[in-house]
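**Student:** First to last, the sequence lines map onto chains A and B. Start counting the first sequence at 24; every next residue gets the next number (my numbering). Start counting the second sequence at 24; every next residue gets the next number (my numbering).
Just so you know, the hints here were simulated from the structure itself, not pulled from any lab data. Mixed in with the good hints, there may be bad ones.
Identical copies go unnamed one by one, so any copy, or any two together, can satisfy a pair.
What the hints assert, rightly or not - Simulated crosslink set (SDA-like; lysine to any residue; CA at most 25 Å straight-line):
(1) Lys221 <-> Val150
(2) Lys221 <-> Arg147
(3) Lys156 <-> Ile167
(4) Lys221 <-> Arg54
(5) Lys156 <-> Arg200
(6) Lys156 <-> Met226
(7) Lys156 <-> Tyr91
(8) Lys156 <-> Arg248
(9) Lys156 <-> Thr224
2 protein chains.
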Amino acid sequence: MASDGDERVTAAVLIIGDEILSGRTQDTNMRDIARYLAVLGVDLAEARTVPDVMDEIVDALNALRSRYDYVITTGGIGPTHDDITADAVAQAFGVELEEHPEIMAMLSARWGGEVNAARRRMARVPVGGDLVKNPVQGPPGFTIGNVFTLAGVPAIMRGMLEDVGPRLRGGRPTVSRTVRVEGSGEGQIAAPLEAVAKAHTDMSLGSYPFFGPDGYGSNLVVRGRDPAQLVEVVQELIDALRGAGIDNVREVEVA
Amino acid sequence: MASDGDERVTAAVLIIGDEILSGRTQDTNMRDIARYLAVLGVDLAEARTVPDVMDEIVDALNALRSRYDYVITTGGIGPTHDDITADAVAQAFGVELEEHPEIMAMLSARWGGEVNAARRRMARVPVGGDLVKNPVQGPPGFTIGNVFTLAGVPAIMRGMLEDVGPRLRGGRPTVSRTVRVEGSGEGQIAAPLEAVAKAHTDMSLGSYPFFGPDGYGSNLVVRGRDPAQLVEVVQELIDALRGAGIDNVREVEVA
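Next comes chain A alone, as it looks inside the complex:
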């Protein structure tokens, strides 16, 4: 992965599956992808969750792939009739699906003569697409254009991601530092926080409040692409908070 300096590189996640929208399944893939991309300097800029409905998937794919550098889809690549992600990606790109010889060879090696129609569905890749390795279990994902189509099962999705990273044009990673305020709520913190934020519009300053044993507090997260500037802004923020009479302030490590 090559770094192109200061240009922002963006991605979107498209989560495909009725089981997420029905509330049956808690999605965790978006967060895993966000963290994986962040290390590469790729910002997750938007996420959408759509049902297993062809037009919905195609429309969302086209909206996202035209707008962001990369789109990562999760879900809908198994062998059953509700697994229509490959069909939707092919339709979005205006190409046909073909049975990929490498996947057919894998399926034959695994199932011999039992490569039935359902299993062959998993070999279908849009014409012009490449495979995304699946180091975990089962058939691979695929990529075409700026879209990467991965499994929905989290462990398999994470395995596939390892074969996505090296293909991305990375940006300058966003780094963050966290200032923890205890015993003061956001209502007190807001003014000094905003003053520092307005003085550094190239950084992102966010406040994530909590309610703990000492009452209200907040984790103030400063994000930016210049680590040296980040150190300065964190100090400026601590000084501004103390100047506003907020004393229980310290920088903390956050996992």
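Fit chain B to the known structure of chain A by using the hints.
**Tutor:** Chain B only, in chain A's frame:
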């Protein structure tokens, strides 16, 4: 809440917050809202996650509110500079923000003379909007048109939801039953499952595979709005699976 029979009632969730897209915070609100709505017969049809950026929030709000019966937003209603959801909702509806007298009275009761500018931010409601009660902690949310704007903190969001439900026009609830197959993978299950699905296009049949001690299996979820028909289709599915030589099949209760 009145039920209007067979008409489908839809909702979208709009999750607002850099902390979700950065991967810092795992969203759980979408799933909670999906489950809450399902009981009311309202289908969660789409979800989007956008950053704390005005145009992104406004564009997503307008796309979703024109398309679905209801939109529920989470996040961005605190007192800090990055809390801009109220501004975005007002802009989407083309109205001004005003300080709501009930919220101002609550803030005065809580803070007395310390209702500073930051805290007053939380009193801002789009003109024409109504409050959504917050039974947990802090100021209320609000609603305007078909949009409900709730807090991002999960416990507070869930509390506010209780004041949303009674205002929704409910549909006929979707009910589901689950058939569990053990010892057979989706590659075997797919053909009988698809046959039953194609015979009942008014139902939704999904397959959610797992890998357990006895090898592959799958939970087959049948969803529909007619409980009696659901019982019949579940039996038809069990018969179809057994007819295809898949014996370890039973209906299970799912929490």
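**Student:** State for each hint whether it applies.
**Tutor:** Hint check:
For the homomeric pair Lys221 and Val150, neither the shortest alpha-carbon distance inside one copy (49 Å) nor that between copies (28 Å) is at most 25 Å. Taking the shortest Cα distances, Lys221 and Arg147 sit within 25 Å of each other only across copies (21 Å), while inside one copy they are farther apart (51 Å). Taking the shortest Cα distances, Lys156 and Ile167 sit within 25 Å of each other inside one copy (14 Å), while across copies they are farther apart (47 Å). In the homo-oligomer, the alpha carbons of Lys221 and Arg54 never lie at most 25 Å apart, since the shortest distance is 28 Å inside one protomer and 35 Å across protomers.
In this assembly of identical chains, the alpha carbons of Lys156 and Arg200 never lie at most 25 Å apart, being 34 Å within a copy and 35 Å across copies at closest. For the homomeric pair Lys156 and Met226, neither the shortest alpha-carbon distance inside one copy (36 Å) nor that between copies (35 Å) is at most 25 Å. When the C-alpha separation of Lys156 and Tyr91 is checked against a cutoff of 25 Å, the pair qualifies only within one copy, where the shortest distance is 23 Å, while the shortest distance between copies is 38 Å. In this homomeric assembly, Lys156 and Arg248 never come within 25 Å of each other (Cα to Cα): the closest approach is 31 Å inside a single copy and 40 Å across copies.
In this assembly of identical chains, Lys156 and Thr224 lie within 25 Å of each other by CA distance neither inside one copy nor across copies; the values are 40 Å within and 35 Å between.
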